[in-house]
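Protein chains in written order, with the numbering used here: chain A, 9 to 578; chain B, 9 to 578.
Fair warning: there could be bad hints in the mix.
Same chains, same names: a pair is fine if it fits in one copy or spans any two.
Claimed, not checked - Calculated lysine to any residue pairs in the SDA-like style (CA-CA distance at most 20 Å, straight line):
no., residue 1, residue 2
1, K175, E536
2, K204, E235
3, K498, E297
FYI, nobody ran anything at the bench for these hints, they're computed from the structure.
Number of protein chains: 2
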Amino acid sequence: MKRLGRSLNSALLHQSRQAQRTASAAPSQTQFIRTLSVLPSQAGAEKQHKQAWTQHLLRLGLGLGAGASLFAAYGGFSSSHCEQQASAGQTKTAQSGSRPIYSEDDVAEHATKDTGVWVTYQGGVYDVTNWVDQHPGGGARIMLAAGGAIDPFWAMYAQHKTAEVRKILETYRIGDLEGGADPSKQVADPYANEPKRHKALLVRSAKPFNAETPTDALGSGPSTPNELFYVRNHLPVPHVEPAAYSLRIEGEGLRHVELSLNDLKTKFKRHSVSAAMQCSGNRRHGMNEVKKIQGLDWDIGAIGSAEWSGVKLRDVLRYAGFDEDNSDGVAHVQFEGLDSDISGTCYGASIPIDKAMGSHGDVILAFSMNGRTLSTDHGFPLRLVVPGVTGARSVKWLSRIITSKEESQAHWQQHDYKAFSPGVTMDTVTEEDWRSAPALQESPVTSAICEPANGAQLEEGTEEVAVRGYAYSGGGRNIIRVDVSPDGGKTWHVATLDNPGQLPYRAWDWTRWHLDLPLPKDHSGPLELCCRAVDSSYNTQPDTVAPIWNMRGIVNNAWHRINISVRAEE
Amino acid sequence: MKRLGRSLNSALLHQSRQAQRTASAAPSQTQFIRTLSVLPSQAGAEKQHKQAWTQHLLRLGLGLGAGASLFAAYGGFSSSHCEQQASAGQTKTAQSGSRPIYSEDDVAEHATKDTGVWVTYQGGVYDVTNWVDQHPGGGARIMLAAGGAIDPFWAMYAQHKTAEVRKILETYRIGDLEGGADPSKQVADPYANEPKRHKALLVRSAKPFNAETPTDALGSGPSTPNELFYVRNHLPVPHVEPAAYSLRIEGEGLRHVELSLNDLKTKFKRHSVSAAMQCSGNRRHGMNEVKKIQGLDWDIGAIGSAEWSGVKLRDVLRYAGFDEDNSDGVAHVQFEGLDSDISGTCYGASIPIDKAMGSHGDVILAFSMNGRTLSTDHGFPLRLVVPGVTGARSVKWLSRIITSKEESQAHWQQHDYKAFSPGVTMDTVTEEDWRSAPALQESPVTSAICEPANGAQLEEGTEEVAVRGYAYSGGGRNIIRVDVSPDGGKTWHVATLDNPGQLPYRAWDWTRWHLDLPLPKDHSGPLELCCRAVDSSYNTQPDTVAPIWNMRGIVNNAWHRINISVRAEE
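Working from the sequences, and respecting the hints, build out all of it.
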């Protein structure tokens with residue numbers, strides 16, 4: 009548990025140093041050509057830079073990932089701005105006459121904010137000190153590469169690999185790496201062994217792989233077919249040898265336990281739960297229409313439902329000695345996946361202990377999905393399924409479970425999957441903002457229209473249209489009603505719920521619904537259809553997106569609206 | 009438990025018959041003057057009547073109570089309509105030449121829909137068969153008086169006692185009671201012994217007493233002073249002799265137990281919980297502004313916070329033998345108060361067993377409020393406090409606790425405190441609507457501005473205004489953020505939370521908040537201030553009231569909006 013005691017930053021820096029040492033393990037015999045690294049203050053230029061950046065980030069709606077994949081924001085940087093920035097870089101180089109040459113050791117000495125933060129990329133040396141705090145993915149993530157090569161990170165977060173991002177990087181160039189890029193250190197593509205995916209998935213990012221269920225396959229049956237179930241990967245997919253797999257369970261109030269797959273399958277009672285899984289960023293596209301956000305441009309398909317089977321987390325924690333009545337301040341259960349970045353940092357998350365241990369929490373360590381062994385993309389051989397809680401906590405390729413007094417300190421728990429007031433932007437967000445907003449757990453009530461398709465054209469004289477969709481609320485709250493409007497919310501019709509009456513406070517599944525929606529009499533021309541759900545706490549959805557817009561683009565649960573039209577008589 | 013097995017209707021009819029028998033216990037020696045009671049079908053006239061009624065009900069925003077006090081709707085009937093209706097009544101009488109005379113026994117024979125439903129009032133005989141289903145308080149409540157005098161009911165629901173309602177009643181007159189009104193049966197005012205109340209309370213209905221906390225005393229400290237705490241009574245206040253008091257506990261999986269106050273105070277550990285209490289109808293006024301609703305015209309003060317002390321419900325249920333692990337389908341805990349109507353029907357409600365028995369449910373049988381013995385208005389000597397759940401379930405003057413497979417069948421659980429789609433009105437509501445909507449338990453997230461006052465005039469040149477208010481969410485969900493807008497929701501500022509960080513999933517108290525809100529630069533003239541809260545499930549409030557309008561006017565949790573203005577330079 010020592011590791012938990014350390015702060016995130018020091019842990020990351022430690023890892024960074026280790027990564028760096030590994031990267032430069034081949035003995036370097038280069039001659040030291042010392043060069044003064046003092047540069048004129050770039051503060052003014054940086055501020056301007058940041059503002060332009062942020063404007064672009066917000067203006068662009070490309071397929072951007074959360075957390076680590078925030079880097080994807082680079083992909084959308086407009087070329088006109090980039091050219092401008094690239095020129096600025098050239099001017100700087102010209103001012104210093106010819107580019108200074110630095111050794112790997114010189115660079116390694118610039119791995120903190122005090123010394124300045126240098127990185128190398130393909131033979132170039134860059135001082136990114138002033139960029140650290142502006143990095144859309146968080147400063148801590150840049151610090152992983154501080155004092156060394158960013159090449160392996162860009163291989164991991166492949167969205168960086170565009171001409172646009174490269175041009176921006178050049179604006180930070182301070183010199184060349186002695187000896188140039190070392191071909192022996194060329195980084196292999198960490199995504200070379202990704203599994204094959206169904207071609208109907210709507211891909212929102214290739215590396216890491218993120219894709220959603222096509223709208224017309226969404227909610228058409230109780231479960232989403234495994235092959236069409238949305239995939240949300242933060243990192244390359246790990247490939248696990250089942251025989252070698254073991255799950256480590258440790259932490260406050262537990263004896264350290266290692267369980268093989270066979271142990272898990274034979275020592276515990278099997279349980280199944282039908283539960284929806286939803287990415288926090290589902291429907292981000294609607295927020296992008298208000299103001300652009302970095303993050304994957306999910307439409308309404310980053311949600312699905314499956315029957316998950318495995319063993320109960322509470323049974324496993326009890327097996328490891330956890331005693332609710334003598335838990336001495338244990339408040340969280342942390343999870344780590346086998347998916348890790350170049351520094352060895354695993355995907356991580358945590359949930360409250362009450363959810364984990366509650367008799368009605370129904371948290372499952374799942375082997376299978378809709379009766380079939382988990383696929384690689386969905387967490388083979390074992391994933392967590394936390395019903396009623398946002399997908400980010402249902403850690404895939406589960407490797408470690410830790411009981412603790414504190415939340416997971418992972419990036420995805422602390423610096424992502426939180427929503428702020430609409431006035432908080434990448435320009436203004438503070439550590440206090442991140443600290444004060446709780447990590448998203450239970451999802452708010454939401455719904456979406458799956459049919460008709462947005463943009464559908466109806467025959468002239470159409471008097472009603474078949475509408476169907478899904479609704480879902482976190483925390484086990486049932487959907488008690490779905491209203492659908494043919495006129496932008498002026499009048500409402502009540503939909504029929506296809507699977508009403510889930511267990512109270514354990515309504516983990518989505519609710520599918522349908523109705524034949526009467527259209528305004530003798531209408532031709534455009535119509536705005538919208539839907540909104542009410543859950544068992546009588547919470548309902550906000551009317552519009554703008555007031556709930558947030559810089560990470562999560563929990564967009566405003567009424568879902570689509571535009572259709574009825575053809576006019578000819 | 010036999011009583012629970014009976015249907016609501018049969019139980020009510022049974023009670024009605026009993027009440028009737030009691031009312032006519034004095035031997036009647038009147039001569040029978042038989043008169044054919046067949047009248048021409050009134051269906052057409054009734055339909056017109058109902059429509060006019062409903063229009064009026066919806067148009068009027070008077071101080072109307074929920075449940076039993078739906079009768080208050082009568083109070084607002086416009087005189088022009090009433091005169092018209094009164095004329096119609098006279099015409100009918102004129103048609104029959106002279107009024108027929110009926111005995112009490114004649115009337116008693118008309119106590120079902122099959123025989124026709126007759127009632128008497130102060131010497132008049134009325135056939136209200138066609139009115140039963142249109143009664144705003146529900147047909148079952150009229151059936152309590154079927155075949156007998158409505159005088160005691162109107163004494164109980166004193167809102168009927170207006171010239172307007174009397175005129176409407178006359179339209180149903182079919183004759184006179186033999187011997188006229190019997191002065192010996194004059195009904196005493198059931199509200200003659202109501203306690204003294206603080207004069208600062210804003211009274212929304214006198215009989216039963218309903219009053220809210222004045223806005224400027226609302227949320228100004230952690231607890232609401234007991235004397236200014238909102239009062240929501242459905243019936244006359246019962247006066248309880250502490251020494252004679254006993255609490256009866258029975259039902260599925262329990263041994264029958266009777267506990268005195270002393271037993272409760274000595275056999276169980278004491279617990280305190282700081283919890284907000286809110287009437288489901290809080291902020292109904294905002295719905296009335298969209299479309300008029302019967303029900304008390306609550307502004308934002310039907311909410312308060314107190315420290316409640318007593319014993320835990322779960323401890324008492326365990327004492328009575330309840331075993332969660334062998335509870336055999338017990339799903340609800342029902343409660344009855346000592347407040348009852350003329351037929352002996354007690355106020356009743358139920359909550360789910362998981363809330364009652366959950367280790368974090370914190371349901372209290374409370375003796376005291378803010379360190380002082382409960383006042384008569386707040387349930388002396390014992391009331392239920394169900395944190396995170398709408399006030400209607402926190403039964404006052406608690407007399408009986410019943411574990412059961414089924415919900416309470418009380419009017420207030422089955423035919424009130426439920427919300428429908430805005431298209432469902434008193435005209436169109438069906439039994440299926442009532443059946444399909446769940447009884448409100450956990451409240452949705454809400455908030456309100458307590459200062460400045462609505463309509464406040466600010467000095468010219470005012471650049472910012474001190475704003476404060478409350479926010480609350482049911483189900484133990486914490487308030488994580490309150491946003492306040494100076495411009496009707498276009499821009500938002502984050503408020504400071506005065507009491508953040510309640511226990512996760514046990515955030516029973518309201519959250520008070522404040523900020524100095526910057527006003528638009530150099531602004532003069534009107535401004536719309538609004539606030540909205542976000543809870544720990546990231547649920548937030550809907551933007552506007554109209555789409556959540558519902559015929560009972562409950563759970564208005566749209567953004568709270570007030571209008572202020574900044575004086576122009578002179």
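Now for the hints, and whether the structure bears them out:
1. K175 - E536: neither (42 Å within a copy, 47 Å between copies)
2. K204 - E235: within (10 Å within a copy, 69 Å between copies)
3. K498 - E297: between (22 Å within a copy, 16 Å between copies)
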